[in-house]
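Assemble the complex: chain A is given as a structure, and chain B must be docked to it using the hints.
Here is how the chains run, residue by residue.
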Amino acid sequence: MTVASKRLFRQIALVAAGLAGVVAVGLAIQQPFWIRVLTLALLFSAVAQSWNLMAGYAGQWSLAQLAFFGVGAYVAGIMQQEAGIPLLVGLVPAMAVTAAFAAGVGYAMLRLRGHYFAVVTFFLVVSLFELVRYFSDYTGGQYGLNIPFSADVDVLGLQFPNIKTYYFLALAVATVATGTLWVIARSQFGLKLRAIRDDQDAAAALGVRVLKLKVIAMAISAAMAAMAGVFYLATYKLMDSDTAFGVHATLDPVVAGILGGAGQLMGGVLGEAVLQPVVAQVNTVAGSIPGLASLVYGLILMLVILFLPKGILGVIAKRRGHGESTPASVKAEQAPDTEGAMAR
Amino acid sequence: MDILANVLVSSVLLAGVYFVLSLGLNIILGVLDIVNFAHGAMIILGSYSTFYLNQYLGWDPFVLVLVDMIVVGAIGALLYVAYLRFTVNSPLVRMFALIGFSSVVAALLLIFSGSNFRTVHADFGRWYLGSIPIPVTQVIAFVFAVALGTATVLLLNRTRVGKAVQAVTDDRTAVQLLGINDRALSLLAFTVGAALAGAAGGIIATYITFGSESGLAFAIIAFAIVIIGGLGDIWGGAIASVLVALVLSAVTVYLSSALTNTALFLLVLLVLLVRPRGILGKGRV
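Sequence order for the protein chains is A and B. Counting in the working numbering, the first sequence runs from 1 upward without gaps. Counting in the working numbering, the second sequence runs from 1001 upward without gaps.
A hint or two may mislead.
[What the hints assert, rightly or not] So the derived label-pair ranges between C-beta atoms look like this:
1. A:ILE289 x B:ILE1070: 29 to 37 Å
2. A:ASN146 x B:ILE1070: 44 to 52 Å
3. A:GLY18 x B:ALA1258: 39 to 47 Å
4. B:GLY1058 x A:LEU299: 43 to 51 Å
5. A:ALA202 x B:VAL1081: 30 to 38 Å
6. B:LEU1129 x A:ASP199: 52 to 60 Å
By construction, these hints were calculated from the structure, which means they are not laboratory data. A quick note: this is a predicted structure, and the numbers were derived from the prediction, not measured. C-beta atoms are modelled at their ideal positions from N, C-alpha and C, and glycine is treated no differently.
The following block holds chain B by itself, in its conformation from the complex:
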């Protein structure tokens, strides 16, 4: 019973972080119709940004989450302005361009930062829920993630720009006919998506050990959430975050931590066969 309770608690805490992990991916997918394969690279750039700034400036890891957003957001904007918009305007081709970028980032991190795994020290002790220990760092990370997610959703729902982003997600052609500048919107979405990935990377860095290849593992989780939740469907993504966190924890505890990606693959296949538009049925096909 204790194990089960433990799994439940840690899954809920993880789900908050996973939601932020998938949020940036969903926004870019919605506006640009690109599966951002560089999402993992951007997440891990956020984690490394926290690691180095924490090491050399000694800033608090949770303050650095905001810095990571700026750093990775800027990298994303640069990638879009200097590279991506010059490529053939096809979601498929651009996705493969981003695969190339993600491969370059992982390689550069390995070459310049080495193969050591990194940890950021952010230990705030433990709380106890009955007999279940809950690391306070994870609680703060959860709060941060939920706050960030809520702020993003509010910006999407309450501001003109946010509504434009949602409108493009729904119907690109109609938006262009209305005279909204969808080039500027694409750049904005790509930058925000990257910034959110950076924030997710910064939050994750506070309690997970990571290396140059960890971006891939996070990207896989984010892809799974986005497909299970429905492509471009942010609320579906929130529910899928909980589901994925539960499945991953359960597989790790009851089966093997060496089979998590296989579990995600099977889950994704199952969802695609049964509910191709995601669990809420509102995603794209």
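Here chain A stands alone, though its shape is the one from the complex:
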């Protein structure tokens, strides 16, 4: 075996073991509370992986990934409500619409670099929040969009009486998202994205069509997030403006992505696996104090950036002396300033 194929073999073995573990956990757990928490973690890890694709691999630190999750859910939900199209049938159109929308806004926004791009993606989020509230005839406004609950099994409508079914659907969603990331990471396209991330000007000089590739990456990441959004709607029968476009919701995939490791294949999944149980525990212990979620997300974000800027997997990869490269954005960008080093 060559070194490369050994590594591939080890990766596949690890993924298979991980999947088997998550399936086993799903079969073993009986408390509805934890099934819900882990279902949420799996769905959000698809969004965190879409953030990982944009930020970790392409170097575009988007704040709009959860918004794309919301757009996907709203598109599928409105098609279901207005035209009676079952959720599973509406899944692919919803993903396509969200991807097209992301490509359209991305074509304008991706001309900006670094933190300026992040700021306009934030504008997109607050604008979507307003629009969803404004067109309340279709979106349910502040009360959110409801899908009627059915006690019978309906595969096309994604209606299942057993909540564990949704756990396994969420697992499938997370697996598809991570698989997509894996395929991209190993492709020419992924290589070019990393070239853009590490030095956009150099990549452009070498003939990489920077804007086009960034737009494609954004469309794919939006479709990944939209897929999670449709299954979220199927699981909880509700999507509202705070879940999709609220401030701390917006931070969720970002916090998870950084925590797990931006630019690491399993970064988003590991981040959510840690983040969601923590958030659920804090909510249980402290009761539902308004503002608590924002406090938890804000504090975790501040602490992770201070102590673990490369994420859990980034640290592990560094210890082992190999693994995928850390994004340049997480390294110091301006060499002359030695402040950070001196302070330590």
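The following block gives chain B in isolation, referenced to the frame of chain A:
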């Protein structure tokens, strides 16, 4: 015709305050190359500082603007010294750290101060320009804002430190080669930026009702002004302040107050596509 005149007058008065809103953001952006995402949090801390000091000490809201500058400036300095300078030296990462801080501030305000909206009583009656009523409080706020803006611009143009700040904005490496201490300058810029945000918050508090989440709304306005005016371009920011104030008033009056952020988003997108360096073409890309 009356509505239009009203829109124009209130826009001009608002623009003065918006200019101060964007000034602190521009200075931090210029020197540290960070989009200070905690700008809204700092603005609203200024507003709350005015609210509580006015309530418990009974000081005049316009005197408190100066106190707010000290309070929020100190918070900014502390944030920089105790946290920000220990983070990875990348504008992007630091911006996300500041997003975290801003989320924490909004949450703490909500938890400790409640979800009530706050008003500071500063009513000085009305003047009339023909038939158009102009609240005197807004005029004083405008004067305060313009005075503060002018003082800041003068300090930037006439003092050695101010010139150093502008030099770093233009060319960081050259400044370091000249031996100017850009670490001290970074701390100074961050503190001044925070103090200006606090002042803006104090001025706004004199005539706008606010709550723990209002910081976000002000930050969005400030971001829009800074992008439209050109990143780091203070004069562009002044012109953009007027433009943004006009657009916001017009959207509120003629369309819906529930669509202001969308209008700003579209305006920002348009400017980025047509003039990516801002309206004067002097900003960064």
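To see whether the hints hold, each was checked on the structure:
In this structure the supplied range 29 to 37 Å holds for ILE289 of chain A paired with ILE1070 of chain B, their Cβ-Cβ distance being about 31 Å. A hinted range of 44 to 52 Å holds for the C-beta pair ASN146 of chain A and ILE1070 of chain B, which are about 50 Å apart. One distance hint, 39 to 47 Å for the beta-carbon pair GLY18 of chain A and ALA1258 of chain B, holds here, with the actual separation near 45 Å. Between GLY1058 of chain B and LEU299 of chain A the Cβ separation comes to about 35 Å, which falls outside the hinted range of 43 to 51 Å.
Distance hint for ALA202 of chain A and VAL1081 of chain B: a CB-CB separation of about 36 Å, consistent with the stated range 30 to 38 Å. For LEU1129 of chain B paired with ASP199 of chain A, a C-beta distance near 56 Å keeps the hint of 52 to 60 Å intact.
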